[in-house]
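**Q** Sequence:
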Amino acid sequence: MSNTSIRDAIGNAVAYLKAHPDEARYTDSPATAILEDGLAVTVHGPQGLSIRTDMPKSIGGAEGSPSPGWLLRAAQASCLATLIAMRAAEQGQAPGRIEVVVDSESDDRGILGIDDSVPAGPLSSRARVRIGGRGVAAGQLEALIRWADRHCPVQDAVRRPVPCTVEAGN
1087 MSNTSIRDAI
1097 GNAVAYLKAH
1107 PDEARYTDSP
1117 ATAILEDGLA
1127 VTVHGPQGLS
1137 IRTDMPKSIG
1147 GAEGSPSPGW
1157 LLRAAQASCL
1167 ATLIAMRAAE
1177 QGQAPGRIEV
1187 VVDSESDDRG
1197 ILGIDDSVPA
1207 GPLSSRARVR
1217 IGGRGVAAGQ
1227 LEALIRWADR
1237 HCPVQDAVRR
1247 PVPCTVEAGN
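According to my numbering, the stretch in the sequence shown is residues 1087 to 1256, in order.
Because the hints were derived from the structure by calculation, they are not lab data.
The C-beta atom is built at its ideal place from N, Cα and C for all residues, glycine as well.
It is possible that some hints are incorrect.
To be verified - Derived Cβ-Cβ restraints for the label pairs, each shown as a range:
1) Asp1108 with Ala1206: 31 to 39 Å
2) His1237 with Asp1108: 19 to 27 Å
3) Tyr1112 with Gly1218: 29 to 37 Å
4) Gln1226 with Asp1201: 41 to 49 Å
5) Leu1198 with Arg1245: 40 to 48 Å
6) Ala1105 with Asp1242: 19 to 27 Å
Kindly produce the complete structure, drawing on both the sequences and the hints.
**A** In structure tokens, the structure reads:
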């Protein structure tokens, strides 16, 4: 999709939601995870899409697919790249290549239940963004990155305590 098409689509969505703010809030598409074999899980989503996860051999997985933790980092990286591209399109900019690398620091004592004072999830994460930026000033690139970071739903979910419940059933 061209930058013009992206800009037009975003403009239409913004105009519609400004006129119909009651339609802005919705329930996201569910992700249904099914344990397949060992620690391999297939997650099914909308339109028949699916993704598979697995765990490292060191904790009993087969390493046949990315781990859920890696998918979290992938979600952060792809969301930031997408939001940078969206904002650039809105502003009529052509940033060129956008590369986002996300890493994190974790402590396996948390996920393995060795020490309950250690969080099971990442202790911290870091995103490094590189943008081609042909014809876009450095200050504009930095503004694109800051805007994307503030509006990225995945970054928001990682930073902000999101209410989360787990229900058991048969």
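**Q** Next step is simple, just say for each hint if it's right about the structure.
**A** A quick look at each hint next to the structure:
At roughly 37 Å, the beta carbons of Asp1108 and Ala1206 sit within the given window of 31 to 39 Å. Separated by about 21 Å at the C-beta atoms, His1237 and Asp1108 satisfy the suggested range of 19 to 27 Å. Taken as a hint, the range 29 to 37 Å holds for the pair Tyr1112 and Gly1218, whose Cβ atoms sit roughly 34 Å apart. Taken as a hint, the range 41 to 49 Å holds for the pair Gln1226 and Asp1201, whose Cβ atoms sit roughly 46 Å apart.
Restraint check, Leu1198 to Arg1245: a C-beta distance of roughly 25 Å breaks the suggested window 40 to 48 Å. Range check, Ala1105 to Asp1242: about 25 Å between beta-carbon atoms, so the 19 to 27 Å window is met.
Hint compliance for this structure: hint 5 alone is broken.
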